[in-house]
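Trainee: Each chain, letter by letter, is given below.
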Amino acid sequence: MTGDAAVRVRSVEKTFNLGKVGEVAAIRSVDLDVAPGEFVSLIGPSGCGKSTLLRLIADLIEPSSGTIEVFGKPAAQARLDQDYGMAFQRSGLFDWRKIAANIELPLELMGWTKEKRRQRSAEMLRLVKLDEFADHYPQQLSGGMQQRVAIARALSFKPQLLLMDEPFGALDEMTREHMQSELISIKTELDTTVVFVTHSIAEAAFMSDRVVVLSPRPGEIHEIIDVDLGTRVPDTREDPEFFKKATEIRESLRSVKAAE
Amino acid sequence: MNRLRHVAPPVIVGVVFFALWEGLVKALEIREFLLPPPSSIWTALIEQWGGVEGGTLGTVALRVAGRNTAGIAISGLVIGVLAGAWLALIITRFRRFGESLTPFAIAINATPIIALAPIFNAWFGITDVRSNQAVVIAVVFFPVFINTAKGLSQAHPNQIELMRSYGASEFTILRRVQIPTALPFFVTSLKIAAPFSVIAAIVAEYFGGPQSRLGPVITQNASFARYDVAWAAIVVASGIGLGLFALALAAEYLLMPWRRRS
Numbered sequence: 281m282t283g284d285a286a287v288r289v290r291s292v293e294k295t296f297n298l299g300k301v302g303e304v305a306a307i308r309s310v311d312l313d314v315a316p317g318e319f320v321s322l323i324g325p326s327g328c329g330k331s332t333l334l335r336l337i338a339d340l341i342e343p344s345s346g347t348i349e350v351f352g353k354p355a356a357q358a359r360l361d362q363d364y365g366m367a368f369q370r371s372g373l374f375d376w377r378k379i380a381a382n383i384e385l386p387l388e389l390m391g392w393t394k395e396k397r398r399q400r401s402a403e404m405l406r407l408v409k410l411d412e413f414a415d416h417y418p419q420q421l422s423g424g425m426q427q428r429v430a431i432a433r434a435l436s437f438k439p440q441l442l443l444m445d446e447p448f449g450a451l452d453e454m455t456r457e458h459m460q461s462e463l464i465s466i467k468t469e470l471d472t473t474v475v476f477v478t479h480s481i482a483e484a485a486f487m488s489d490r491v492v493v494l495s496p497r498p499g500e501i502h503e504i505i506d507v508d509l510g511t512r513v514p515d516t517r518e519d520p521e522f523f524k525k526a527t528e529i530r531e532s533l534r535s536v537k538a539a540e
Numbered sequence: 003m004n005r006l007r008h009v010a011p012p013v014i015v016g017v018v019f020f021a022l023w024e025g026l027v028k029a030l031e032i033r034e035f036l037l038p039p040p041s042s043i044w045t046a047l048i049e050q051w052g053g054v055e056g057g058t059l060g061t062v063a064l065r066v067a068g069r070n071t072a073g074i075a076i077s078g079l080v081i082g083v084l085a086g087a088w089l090a091l092i093i094t095r096f097r098r099f100g101e102s103l104t105p106f107a108i109a110i111n112a113t114p115i116i117a118l119a120p121i122f123n124a125w126f127g128i129t130d131v132r133s134n135q136a137v138v139i140a141v142v143f144f145p146v147f148i149n150t151a152k153g154l155s156q157a158h159p160n161q162i163e164l165m166r167s168y169g170a171s172e173f174t175i176l177r178r179v180q181i182p183t184a185l186p187f188f189v190t191s192l193k194i195a196a197p198f199s200v201i202a203a204i205v206a207e208y209f210g211g212p213q214s215r216l217g218p219v220i221t222q223n224a225s226f227a228r229y230d231v232a233w234a235a236i237v238v239a240s241g242i243g244l245g246l247f248a249l250a251l252a253a254e255y256l257l258m259p260w261r262r263r264s
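For the record, the sequence lines run as chains A and B.
Just so we're aligned, residue 281 is where the first sequence starts under our numbering, counting upward by one.
Just so we're aligned, residue 3 is where the second sequence starts under our numbering, counting upward by one.
Don't read these hints as lab results, they were simulated from the structure.
Values in this document were obtained by computation on a predicted structure and should not be read as measured data.
Heads up, some of the hints might be wrong.
To be verified - Distance condition first, Cα-Cα at most 30 Å in a straight line; then the derived DSBU-like pairs of lysine-lysine:
hint, chain 1, residue 1, chain 2, residue 2
1, B, K28, A, K378
2, B, K152, A, K378
3, B, K193, A, K300
What the hints assert, rightly or not - Examples of chain B residues toward chain A, derived with CB under 8 Å:
hint, residue
4, E24
5, T174
6, S214
Yeah, the Cβ is synthetic: ideal placement off N, Cα and C, and Gly gets one too.
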């Protein structure tokens with residue numbers, strides 16, 4: 281059965297500083313399956329451990345107990361095999377590298393030839409519509425453009441899984457909505473699985489196939505909400521169904537807070 | 003046109019400054035030993051640049067003294083910078099070691115290292131060039147070490163996580179993220195260290211060593227009441243300091259193309 285899921289989280293717990301002063305239980309008994317091609321959002325009150333869960337999947341931290349598999353392999357192996365790409369709220373671009381070189385960094389570490397790297401970065405820049413900025417430095421680009429570069433970099437080696445930690449959190453509302461549409465079209469084009477941490481209800485409702493609502497720390501899955509809004513277009517945000525879903529997510533978030 | 007707008011103001015300030023100096027010294031009849039006018043300093047500089055034939059004590063050619071002092075400052079600067087940057091890399095790579103070493107380095111940095119000059123004279127011998135060099139190295143080392151070590155620890159956590167998500171080794175992270183992040187800190191320390199190296203060299207020379215260096219040339223000419231020559235030697239010293247600072251600026255330009263203003 282392990283072959284089916286892109287991500288399989290089983291009875292995972294994470295306690296920081298286990299057995300020491302300042303012990304903090306961040307995540308408690310989480311089970312979650314993400315199907316290939318699915319877009320799953322993690323939402324919850326701040327400090328609920330949604331970023332921790334994402335980092336556990338990425339094998340940037342290890343669970344205190346439980347298992348995590350990515351495409352049927354242990355998370356650690358998936359990391360070494362570079363099965364996933366990552367993007368953060370702060371774009372994390374390297375100031376000293378030109379835009380093309382930023383996108384090519386993972387490829388460089390994987391030992392691609394210069395020619396193949398150039399080809400791929402050009403292709404990715406077309407995908408995020410920044411072709412003419414290949415030779416600029418990150419500081420010369422706006423926040424939204426930098427975030428597009430970060431997404432292009434995360435996708436540069438065409439991973440089947442994309443892990444994103446509030447990637448649009450620092451953008452203004454207009455840019456944010458634009459980026460959401462772009463990410464959906466890129467994801468559809470490349471058929472990528474996405475696990476997406478957000479604190480925006482509208483963002484979760486607009487982008488996700490499923491929204492995972494986490495409880496306050498220690499984070500547990502409070503509810504999983506299916507969102508079926510068909511093909512997302514900008515007008516989806518004005519669809520009554522969209523509002524119904526956003527309300528459902530909001531009420532779920534409220535009920536976790538009330539249960540606190 | 004644009005360039006002129008940048009260059010003109012400091013040039014005008016400079017001209018006004020020297021004109022006022024010259025004018026006030028003449029008008030107030032300030033005596034030479036208190037403050038010679040720029041014109042006599044300039045004359046002394048031209049006269050003493052190549053030295054005076056059959057010159058007595060205190061008339062070492064400024065060209066020779068300047069070259070010797072520059073040699074001490076530059077060699078000490080290079081060694082001090084390399085040592086500081088190298089140790090910063092070591093303590094970043096071996097964090098335990100670094101944590102125990104850094105407070106110690108900061109404590110040493112707080113002591114006026116110049117005060118060690120007589121000790122170095124005793125260690126290496128008063129005529130040995132290493133006595134003066136050691137002072138320069140010690141003065142240059144700490145700002146470079148402390149700034150670079152700080153810079154190496156300033157990489158954003160997301161960037162480190164990103165590298166780890168690519169399966170990058172600690173060494174790769176050091177080379178690809180931490181070192182480039184530290185470059186601006188390192189270059190800032192270079193800009194501090196470059197003029198320091200000349201100050202350190204001259205003060206060390208005050209404490210002893212061969213006569214053919216700027217430090218003794220300044221003290222001896224001053225004691226013989228040849229203030230114009232002493233001032234001319236100071237001009238040479240400041241020229242060396244400016245030259246080294248310009249080199250640090252050039253290093254900034256070359257090492258950090260992403261920081262250039264377009």
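Trainee: Are the hints correct? Go through all of them and say.
Mentor: To see whether the hints hold, each was checked on the structure:
Of the supplied pair hints, the one linking K28(B) and K378(A) is violated, its CA atoms being roughly 58 Å apart against a limit of 30 Å. For the hint pairing K152(B) with K378(A), the CA-to-CA distance comes to about 25 Å; that is within 30 Å, so the pair holds. For the given pair, K193(B) sits about 44 Å from K300(A) by alpha-carbon distance, which is inconsistent with the 30 Å threshold. At a threshold of 8 Å, the smallest CB-CB gap from E24(B) to chain A is about 46 Å, leaving the interface hint violated.
Given hint, T174(B) at the interface with chain A, holds; its Cβ is 7 Å from that chain's nearest Cβ, closer than 8 Å. Using the Cβ-Cβ criterion of 8 Å, the hint placing S214(B) at the interface with chain A is not satisfied: the shortest such distance is roughly 44 Å.
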